[in-house]
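There are 2 protein chains.
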Amino acid sequence: MMTEFDLIQQFFTVKNDANIVASQDVIKSSVAESLIKGIGDDASVVRLPPNTELVTCTDTLVQGRHFFGDWESVDQLAYAIGYKSVAVNVSDIVAMGATPHSVLLALAMPKRLANETWLDEFAKGIHEACSEFGVVLIGGDTTQCDTLVITVTAQGWIERGKAVYRDGANVNEGIFVSGTVGDAGYALTHLDRDIGRQLAHRLHEPTPRIRLGQALANAPHRATAMQDVSDGLIQDLIHIAKQSGVRMQIELDKLPTSEPLNQIPIAERLPYQLNGGDDYELIFTLPKGADIQALQSQTDDTLITKIGNVIGTATDITTNNAKTDKPLIELVFEGKPVTPDDPYPFNTFPDLAGYQHF
Amino acid sequence: MMTEFDLIQQFFTVKNDANIVASQDVIKSSVAESLIKGIGDDASVVRLPPNTELVTCTDTLVQGRHFFGDWESVDQLAYAIGYKSVAVNVSDIVAMGATPHSVLLALAMPKRLANETWLDEFAKGIHEACSEFGVVLIGGDTTQCDTLVITVTAQGWIERGKAVYRDGANVNEGIFVSGTVGDAGYALTHLDRDIGRQLAHRLHEPTPRIRLGQALANAPHRATAMQDVSDGLIQDLIHIAKQSGVRMQIELDKLPTSEPLNQIPIAERLPYQLNGGDDYELIFTLPKGADIQALQSQTDDTLITKIGNVIGTATDITTNNAKTDKPLIELVFEGKPVTPDDPYPFNTFPDLAGYQHF
Numbered sequence: 000m001m002t003e004f005d006l007i008q009q010f011f012t013v014k015n016d017a018n019i020v021a022s023q024d025v026i027k028s029s030v031a032e033s034l035i036k037g038i039g040d041d042a043s044v045v046r047l048p049p050n051t052e053l054v055t056c057t058d059t060l061v062q063g064r065h066f067f068g069d070w071e072s073v074d075q076l077a078y079a080i081g082y083k084s085v086a087v088n089v090s091d092i093v094a095m096g097a098t099p100h101s102v103l104l105a106l107a108m109p110k111r112l113a114n115e116t117w118l119d120e121f122a123k124g125i126h127e128a129c130s131e132f133g134v135v136l137i138g139g140d141t142t143q144c145d146t147l148v149i150t151v152t153a154q155g156w157i158e159r160g161k162a163v164y165r166d167g168a169n170v171n172e173g174i175f176v177s178g179t180v181g182d183a184g185y186a187l188t189h190l191d192r193d194i195g196r197q198l199a200h201r202l203h204e205p206t207p208r209i210r211l212g213q214a215l216a217n218a219p220h221r222a223t224a225m226q227d228v229s230d231g232l233i234q235d236l237i238h239i240a241k242q243s244g245v246r247m248q249i250e251l252d253k254l255p256t257s258e259p260l261n262q263i264p265i266a267e268r269l270p271y272q273l274n275g276g277d278d279y280e281l282i283f284t285l286p287k288g289a290d291i292q293a294l295q296s297q298t299d300d301t302l303i304t305k306i307g308n309v310i311g312t313a314t315d316i317t318t319n320n321a322k323t324d325k326p327l328i329e330l331v332f333e334g335k336p337v338t339p340d341d342p343y344p345f346n347t348f349p350d351l352a353g354y355q356h357f
Numbered sequence: 000m001m002t003e004f005d006l007i008q009q010f011f012t013v014k015n016d017a018n019i020v021a022s023q024d025v026i027k028s029s030v031a032e033s034l035i036k037g038i039g040d041d042a043s044v045v046r047l048p049p050n051t052e053l054v055t056c057t058d059t060l061v062q063g064r065h066f067f068g069d070w071e072s073v074d075q076l077a078y079a080i081g082y083k084s085v086a087v088n089v090s091d092i093v094a095m096g097a098t099p100h101s102v103l104l105a106l107a108m109p110k111r112l113a114n115e116t117w118l119d120e121f122a123k124g125i126h127e128a129c130s131e132f133g134v135v136l137i138g139g140d141t142t143q144c145d146t147l148v149i150t151v152t153a154q155g156w157i158e159r160g161k162a163v164y165r166d167g168a169n170v171n172e173g174i175f176v177s178g179t180v181g182d183a184g185y186a187l188t189h190l191d192r193d194i195g196r197q198l199a200h201r202l203h204e205p206t207p208r209i210r211l212g213q214a215l216a217n218a219p220h221r222a223t224a225m226q227d228v229s230d231g232l233i234q235d236l237i238h239i240a241k242q243s244g245v246r247m248q249i250e251l252d253k254l255p256t257s258e259p260l261n262q263i264p265i266a267e268r269l270p271y272q273l274n275g276g277d278d279y280e281l282i283f284t285l286p287k288g289a290d291i292q293a294l295q296s297q298t299d300d301t302l303i304t305k306i307g308n309v310i311g312t313a314t315d316i317t318t319n320n321a322k323t324d325k326p327l328i329e330l331v332f333e334g335k336p337v338t339p340d341d342p343y344p345f346n347t348f349p350d351l352a353g354y355q356h357f
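Chains as they are written, first to last, in numbering that gives the first Met the number 0: chain V, 0 to 357; chain W, 0 to 357.
No wet-lab data here; the hints were simulated from the structure.
Among the clues, some could well be false.
Identical copies look the same in the list; a pair holds intra-copy or inter-copy alike.
As the list claims (entries may be wrong) - The calculated SDA-like cross-link candidates involving lysine to any residue, where the alpha carbons are at most 20 Å apart (straight line), are:
id, residue 1, residue 2
1, Lys161, Ile35
2, Lys161, Ala31
3, Lys161, Leu47
4, Lys110, Asp145
5, Lys287, Arg221
6, Lys161, Glu32
7, Lys335, Gly276
8, Lys161, Asp145
9, Lys161, Leu34
10, Lys241, Gln9
11, Lys241, Asp299
12, Lys110, Gly63
13, Lys241, Asp252
Work out the full structure: start from the sequences and follow the hints.
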């Protein structure tokens, strides 16, 4: 019988003289220096750099909800589930402008998966993502459960006072998004098609925009509001609009589209681009005159696209909540407003307000 | 339809002008001061006091594994599950000697529980525990899942270099435990009996030993090794023995026993006391001559009992692992060694090496 401790020992830790730390071949020295105690005690201990603030988030992936299909297969999917559970949390740290440092893994899993083959692939995905994003696995918990439920908590830090929130967008600012949108959402429902398979890596191994997030926390490119796209572009823009008390106009013909997705008619791809979640791109607002080319070249040429503007205020002072008779997000296509009376797919937007967890 | 955002909004947050923070009536001012951003953005932001280190842990409670019976009832159990999921994590922070500060809640739950009645009781348990232990709910995630799975991550801090690990126990030191042991384990399997019901609060609302943990991190009472009892007294002592590379002798007649449990014959209660988990008491080692009375009076008269001694080393230098031909833990009853050839319950100990998660 494999105990919880054997499991943790075998797949998630290696030993060195001073501490037990995650089994990454190379932990960046800055990360290693700040790690006082990793896996193996009641809790982990981390030393933050002076003059920083701690940034923390937690996110869960559930079998049948966040991953489907042949999810118990040991080939690509066990690996992908591990990789993604780290990536989506790192993305939340990045969306604050912070530097990710470490993750904790709470693994509730069916006994049938507690075998070497599955765990080995899953652990490889975890470790590869950690290595890719420069974070270290510092703690966790393993429990038996009928359903596979993976909860990762990520922590990082940022210079004091520099975190970028959702509530700072102002009228007349531009609205931007990194990379391309709609890929993961399309892949999720079309893994049986060629284009879906071409986009599968966007669903299974999302890329947190670490350098871009950090650049957007600092002059000269500091964003006024930022978050990552996890629930769907429109729904996530609504979060910024609500918390900032502003209204936005989004130009549908400007949405950045990947080559595979561009082969699909616009009427078919737009719903995925607007409402498909899981892109883990950054959306952010910048004052007029922001030098996007300089920002791109500072961040390894990460594609950055202006997709709209903040067009008005929408604040109800009494509740500190966005309140307006007009919609918080106005959609425009080739210069013309889009309404629910327009033909498909435009008429579907009001019902496609993003992924609902309940 | 209730969305994830509605849920979070309704049960886990209230608003103030600057931030959205957890709905506790009173957040201790020291906690509030250090909380820069709570629930409502991509991640939370916390400012640690200078010269401290961050302490973090995560722990999962699973339906059918950590709570049983009429667990969907809205009376005591929904409340208890919420309370306990916070308490067990705070206990891990405490077992490092640290000061707990905040928790994140990842809630994977069946749709049928996403109703006001159940959530209200559950949230009350979360908030009451937070208030009791002086921590604040700063983030979380809600997902639909067939099984109820609750993962809490706790964070706190401790003066730089002061964390108490499991690896510092030395030969000739005394072994101590706080409170009483066996109560939660007995209650778990005997909620249908009077004594089980009398002890139910020990199972459902464990008491992290916050003041004791902090006292044990500092002179004059600094412990050499410490952890909390979650998997069972013997199994958790083995963790300290292994990591410290020592052997221990435990005196069975010294185990601190609650009044209700003391009504039961020793043969019946000992297995729960040695192997029943969920006590969340602190076990720790102290040098000879430690002033236990002073320690008790410094910590609101928390009961502290010496249950044995560190009697030898057991280190294999090459692997940094405990290695010995003798057992890491020797049991003694009324001065005589206990062996597997002894009558019940002593002969059952070797098979009762604590709760196995797989």
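Against the structure, the hints come out as follows:
1. Lys161 - Ile35: Only across copies: Lys161 and Ile35 sit 11 Å apart there, 25 Å inside one copy, limit 20 Å.
2. Lys161 - Ala31: between (24 Å within a copy, 19 Å between copies)
3. Lys161 - Leu47: both (15 Å within a copy, 15 Å between copies)
4. Lys110 - Asp145: Classified as both; 8 Å inside a copy, 16 Å across copies.
5. Lys287 - Arg221: within (12 Å within a copy, 58 Å between copies)
6. Lys161 - Glu32: between (23 Å within a copy, 17 Å between copies)
7. Lys335 - Gly276: Intra 26 Å, inter 65 Å, cutoff 20 Å: neither.
8. Lys161 - Asp145: neither (42 Å within a copy, 40 Å between copies)
9. Lys161 - Leu34: Classified as between; 14 Å across copies, 23 Å inside a copy.
10. Lys241 - Gln9: between (46 Å within a copy, 17 Å between copies)
11. Lys241 - Asp299: neither (32 Å within a copy, 48 Å between copies)
12. Lys110 - Gly63: Intra 17 Å, inter 14 Å, cutoff 20 Å: intra and inter.
13. Lys241 - Asp252: The answer is neither: 24 Å in one copy and 63 Å across copies each exceed 20 Å.
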